[in-house]
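K.L.:
Residue-level listing of the chains:
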Amino acid sequence: MIEDIGNALIGGGIIGLAASGMLISIGRITGISGILAGTLFPKKGDTVWRIVFLSGLMLGAFVFRIFWGFEFESIDNRSLIAVGIGGLLVGLGTNIGSGCTSGHGVCGISRMSPRSLVATITFMISGIITVFIIEHALGGL
Amino acid sequence: MKNKCIYYLGPLVGGTVFAIGLGVSGMLEPKKVIGFLNFFGDWNPALLFVMVGAISVHFVLFRVIIKRKSPLFDSQFHLPIKKQLDQKLIIGAILFGAGWGISGLCPGPGLASLVTGSKYVFVFVLTMVVGVVTARTLTQAIEKRN
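Chains as they are written, first to last, in this note's numbering: chain H, 16 to 156; chain X, 1350 to 1495.
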């Protein structure tokens, strides 16, 4: 647990550095859902940096996999269909709500944006209620 | 944006470092994410410290960086301008939180985990893309009608 917390702090710090690097270099907010949406609805002159960032994200994950041996471990009591429903909701929700954990949770709160603070509290509570229902009432999904 | 190559070095390094941060922090482990959201069960607070770490660093650096007239490789900063709290923000956040709690994945970890070749991740990213396209199409249709 203590090791988990230490890794979380260090990893979080690295994420904060990456977001700061994006801001100082090209002046952009590191909101992954927004960056993704921009590649799906490309606008001239505002697309290539998004594709480059997402390629970098894959590259970083690949590097992490090589050096630290990262394998995806699915959650025991979630079916493939449940994960699909989850993905659909994440896509819908982040687009309607203009952001996700990175854009609202990290960048927005750092900017002290009221919208991002409200969004982050809301998606945390919604996630907690969802997990409560799945784990305690349904026993899986 | 005089030198394109240098310009794109920003997002390339940014994306790479971001993904390594995700990996080190534990955000690429859906079980830990569910453990964090399982507040009324076997709660694992570790991932709270991802936000603590990320915000501590970015909170300070944001203020230092934003004092500049412009970023290094562009003529201006591109910051969100919307200020008002609206229904869309709340509804979107509720839907996103539900999807996060079901799958244990949010957009960054979902996309980064594609490198593992897992079918779970593939299904997540595919349906997430469908969700984004559906939401954008619906929003545009509603805005056109009004």
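Hints listed in this document are in silico derivations from the structure and should not be mistaken for laboratory results. All C-beta atoms, glycine included, are put in the ideal place defined by N, C-alpha and C. Heads up, some of the hints might be wrong.
What the hints assert, rightly or not - Stretches of chain H that chain X covers, calculated by requiring three or more beta carbons in the stretch to come under 8 Å of a beta carbon on chain X:
hint, segment
1, 32–41
2, 48–56
3, 92–104
4, 133–147
K.L.:
Now, for every hint given, state plainly whether the structure supports it.
P.N.:
Status of each hint after checking the structure:
no., hint, result
1, 32–41, "holds (count 10)"
2, 48–56, "holds (count 5)"
3, 92–104, "holds (count 10)"
4, 133–147, "holds (count 14)"
The structure shown violates none of the earlier numbered hints.
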